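Start from the sequences, fold in the hints, and give me the full structure.
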Amino acid sequence: MATDTAGRFSSHMRGVVVTSLACSMGLAAAVASSVVTAGLQTPATSNQALYVLVGAILVQFPVLSVMGIDVGEFSTKDYLYVAFMTFALWFISWGILLTTGSSF
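For the sequence shown, UniProt numbering gives the first residue as 1, with consecutive numbering after it.
Since the hints were made in silico from the structure, they are not lab data.
Capping the alpha-carbon separation at 20 Å, the derived lysine to any residue pairs in SDA-like fashion look like this: (1) K77 with A88; (2) K77 with L21; (3) K77 with L64; (4) K77 with V63; (5) K77 with L89; (6) K77 with C23; (7) K77 with S10; (8) K77 with S65.
Every value quoted in this text rests on a predicted model; they were computed, and no experiment measured them.
Structure representation (structure tokens):
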């Protein structure tokens, strides 16, 4: 029934929003890592790229709150899911950017 959901999003839409944001932030972190490490001799071993990744993961939770998703309801599994999805997209995308020699 329509009155069963107390939140702004249904459980399905909540999952879609969280997954989409995590993947988008992973891609954005890969591009930012490429920009930050562009002038380095060995960009793949730079700690700066990891700082960008951690920042991208941490920024998502306030953004989700602003979007209307109750982050207070997140379990450890949800936090790990967001971190893993962001890491996976960052790792794959930044790996592609490193091997093609692309820089922004």
